[in-house]
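Top line first, the protein sequences correspond to chains A and B.
Going by this note's numbering, the first sequence wraps up at 804, each residue one higher than the last.
Going by this note's numbering, the second sequence wraps up at 211, each residue one higher than the last.
Just so you know, these hints were derived from the structure itself, not from any lab.
All figures in this text were calculated on a predicted structure; none of them were measured in a lab.
Don't take each hint at face value.
[Said to hold, decoys possible] Among chain B residues calculated to face chain A with C-beta under 10 angstroms, some are:
1. His11
2. Gly26
3. Arg56
4. Glu105
5. Ile147
6. Ile150
7. Glu195
Ideal Cβ positions, reconstructed from N, Cα and C, are used throughout, including at glycine.
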Amino acid sequence: MDKALFKQMAAEKIVLLDGATGTELHKRGIPKNTCPEQWVLEHPHVLKEIQGEYIKAGSDIIFACTFGVNRIKLKEFGLQDQVREMNRELVRISKEVAGTSCLVAGDLAPTGKFVEPFGDMKFDQLVDVYKEQVQGLLSGGVDLFVIETMIDLQETRAAVLAIKETCDLPVITSMTFDTSGKTLTASDPVTVLITLQSLGADAVGANCSTGPKDMLKVVELMLPYAKVPIMVKPNAGLPRLVDGNTVFDMGPEEFGKYAVDFVEKGVGLIGGCCGTTPLHIKSVRENLAGLKPAGRKFKPYQALTSTRKTVFFGDTYPVTVVGERINPTGKKQLSEELKNGKFTEVKRLAVEQVENGAEILDVNVGMPGIDEKKTMVKVVKLLSSVVESPLCLDSSSPDVLEAALRIYPGRALINSISAEKAKMQRMLPIARKYGAMFILLPLSDEGIPGQAQGRYEIIHNIISAAKAYGFETGDIVVDGLVMSVSSNQSTAEETLKVISYCTETIGCATILGLSNVSFGLPNRSYINSAFLAMGIGKGLSMAIANPSSEIIMAIKAACDVLTVRDKNSFAYISKYGEGNVVKPKIVEQKNLKTVDKIFQSVLEGDRENVVGLLQEALDEGTKPGGIIDGYLIPAITEVGNLYEEKKYFLPQLIQCAETMKTAFDYLAPFLAGERERSGKQIPVVVMATVKGDIHDIGKNIVALMLRNNGFTVHDLGKNVSAELIISKSKELKAQIIGLSALLTTTMVEMKTVVELARSEGLEVKIMIGGAVVNESYAEEIGADGYSKDAYNAVKLAKKLSCLK
Amino acid sequence: MKDLDVKYFEHIPVVPNRNLILIKLGYRKGITALSEKDNRFIDSEINRALLLCNARGAFCYCHINNHLTNKVVLENGIELNSEKLSSFLHNCNEVVLMASTLGREISDNIAEAIKNGNAASGLILDAVASQVADMALDWMVILINKIIKIKGKTLTKRRFSPGYGDLDLFNQKIIYDMLNLKKMDISITDKFMLEPEKSVIAIAGIEVLHG
């Protein structure tokens with residue numbers, strides 16, 4: 001059967017599929033923990049009986065019993081080297097039963113592995129796994145393919161590509177949606193539909209997991225956007241476990257009635273999954289007698305998808321901002337990171353742009369000195385997990401774009417395809433194969449036409465070439481081609497003419513790369529936003545822009561209201577309505593003395609300003625010792641009180657301590673000798689996380705707090721042996737040893753330290769802390785004290801060193 | 001010994017709960033006062049932490065072959081000696097062993113922040129990372145629950161980890177090997193600690209849903 005015949009069949013009749021095979025095999029005694037397909041090959045009469053009954057019940061298509069006959073699933077039974085033979089034989093059995101009365105679909109299903117970018121399995125490796133199965137199914141003579149019970153969109157893409165790259169037979173794709181209406185990996189029905197039908201699936205649908213009632217809700221979401229027939233194969237209700245057996249409660253009569261609901265909504269292919277029987281299928285057939293496929297109202301759309309989101313755009317939607325920031329040109333940090341294979345800045349830019357209102361992210365990693373293809377693939381994989389926004393893949397290299405499209409788990413936008421002959425011929429089939437939309441750049445091998453008229457001609461040429469590959473106008477976004485007005489002021493008008501022409505005459509979506517227009521001019525955002533407004537006035541659909549620009553986003557929001565794209569001004573009011581705009585808080589200016597401001601800066605953890613204030617106070621003649629004793633120490637004491645009262649929490653306490661440290665460090669040179677002259681002793685503390693333990697954040701915080709309270713702290717780090725702690729303590733004449741441990745396995749090391757200190761007669765106090773130790777443990781091992789946190793550690797250290 | 005079918009996830013999408021992070025840091029609603037500056041600082045550090053965390057995970061199913069009062073014997077003969085674990089799994093014939101990690105970048109940044117005198121920043125990064133590591137496990141639990149619900153099964157509501165109760169930390173090494181966590185760039189010290197620090201191992205039981 002070819003694709004056209006399949007299409008015709010689905011247009012003319014409701015196609016009846018078969019019911020469950022698995023639950024029917026169980027009824028007929030298939031043993032648990034056996035390879036079902038191997039068992040079927042050993043007992044072919046059982047499958048023949050089941051499938052024969054389905055055909056008798058009216059099935060137009062039966063599924064070959066090849067659900068788990070891929071290399072990965074068969075490996076569980078040591079049969080991985082029999083993929084082709086088993087598929088061929090299983091198809092042969094079904095073909096024998098089917099004869100000429102019905103079609104046999106080769107059945108592909110999940111491998112049980114999770115594929116990149118989500119999982120660890122390489123995408124191409126998975127495509128090869130499915131290809132091997134497809135070849136086996138073809139050798140058995142399948143009429144078409146079904147990819148069913150899929151839980152992950154990317155795995156489904158791999159299976160579709162495996163079939164597309166092997167043959168031209170029709171492909172039905174079906175995923176499972178739970179009662180929340182999402183697939184296991186959180187794809188919604190519309191996203192699944194748009195991604196798969198763009199990729200070339202000949203029917204899309206849902207099977208298993210839910211009964212007909214919940215499945216109806218799933219397909220109702222798909223139907224308005226379905227260009228291909230929609231398929232359903234619900235379970236006979238939800239499974240229940242009774243006495244160790246899975247039971248499905250919905251009987252044939254009730255199941256059959258749902259079939260009418262499905263068909264009236266517009267479903268074209270219908271069958272049953274777990275728990276359904278030939279009687280269920282017979283009931284469906286009886287209920288559908290005389291019904292024809294419902295004439296569906298298809299809603300033309302322009303849409304891009306990621307695995308978890310669909311973004312619609314066009315003249316009835318608000319103008320879509322494509323975030324332009326993931327592009328190394330002029331971005332030093334991003335360039336450096338990309339060169340070094342790091343992606344923190346990419347993530348930051350992605351998250352920031354989405355937060356600021358970008359719905360799609362342009363990704364361009366082209367720069368000298370890197371492997372663009374490798375980097376692009378890595379970035380695409382990363383962003384597919386980090387953000388839900390669909391991606392616009394931006395490169396001048398067809399190789400880079402192809403690699404990115406292959407791995408991208410949704411429907412991407414290609415930036416861009418022009419009329420440059422070699423590139424266009426290379427890129428159009430690639431774009432079509434992966435179901436991508438593309439930005440049409442109206443330039444050719446001869447260059448960029450200065451006048452709009454010249455660009456119209458190129459636009460028509462590219463559209464015409466694209467249509468030959470099966471593209472529709474709705475798959476294309478025309479770039480008006482923005483040139484700098486600083487070199488030719490009339491160029492903006494020509495670009496706007498292109499937008500107007502595409503909107504009114506061709507009826508396709510349009511895009512502008514805004515920032516080019518203002519190149520070479522001051523205050524570029526004014527020009528960019530004015531140009532955006534003018535473009536929107538001509539019907540612009542999308543703008544490649546920096547969403548962090550408040551003026552651009554505000555103008556866009558306002559234009560969406562004025563062009564009725566923001567219905568009832570809902571988005572505008574949500575963003576700018578009273579109470580929604582964050583107003584800068586007016587800080588009360590107190591007329592404080594400089595020293596009081598120093599006190600305040602410690603209290604507020606204002607490290608940035610404390611040094612300036614100290615300078616000012618010293619200039620005013622205040623003594624350094626006076627600042628410390630009169631303001632800094634009282635301030636940090638007050639901080640401690642606030643912390644004890646829970647009015648401050650840990651980050652505030654630490655920020656104040658850091659401010660205190662900054663102040664101390666600044667004043668230290670002014671104090672040289674002053675402390676010694678005063679006769680005050682500075683206690684020495686040796687801190688360490690004990691041997692075997694690598695968790696030291698708590699110890700580090702204690703060290704910081706102690707320093708800020710006048711202790712001299714020597715931090716030996718983590719995983720420190722008892723011998724080193726004791727020898728250092730001797731060498732540094734420590735009064736206190738502070739030990740930390742996080743785990744029960746390492747806290748015993750504290751005892752070793754205590755015993756060693758005591759056996760060597762070291763006159764030192766030992767304090768301990770950490771998640772698993774407590775007061776009684778401190779007593780048990782002979783330590784001098786325990787502290788639950790950094791603040792109390794300071795109090796304890798003061799007590800142990802006889803300080804106030 | 002039969003090889004376990006371990007599934008690995010390269011990028012787990014998690015969005016931490018700001019309130020839980022604040023609570024972990026000692027925030028008390030209605031008592032602790034946060035200024036606008038504090039809030040800005042906290043949000044910026046939370047965002048930074050999220051950029052530095054790459055949550056990855058692994059899990060596998062494993063049958064329980066024998067269930068004694070003081071230990072659980074798994075399908076590959078591995079024994080997990082713990083009365084509490086045995087009691088925790090008393091309704092289960094199967095367990096899920098799982099692990100999550102956030103990679104080295106976040107741990108390096110926490111250490112660096114503290115070393116450079118930005119301890120408050122380090123603390124927030126640390127609190128976010130701890131939550132994200134746990135949430136990555138939560139995410140896997142939700143996913144596994146969806147998978148096994150079809151078979152009429154569910155995961156135990158709580159998780160158990162080596163080092164809790166009487167399940168010796170030594171068992172961390174056993175699960176580390178079973179999940180082949182080296183593949184996820186996790187290493188384990190001779191005291192059975194996981195590196196990078198923000199890596200977690202857990203055990204959950206699989207129970208049958210009745211009715």
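Hint by hint, here is what the structure shows:
1. His11: The hint holds - B:His11 has a Cβ within 10 angstroms of chain A, the shortest such distance being about 3 angstroms.
2. Gly26: With a minimum Cβ separation of about 4 angstroms from chain A (threshold 10 angstroms), the hint on B:Gly26 holds.
3. Arg56: Since chain A brings a Cβ to about 9 angstroms from B:Arg56, closer than 10 angstroms, the hint holds.
4. Glu105: With Cβ-Cβ at 7 angstroms, under 10 angstroms, it holds.
5. Ile147: It holds, given that the least Cβ distance between B:Ile147 and chain A is near 7 angstroms, below 10 angstroms.
6. Ile150: holds (6 angstroms)
7. Glu195: holds (7 angstroms)
When each numbered hint is compared with the structure, no violation occurs for any of them.
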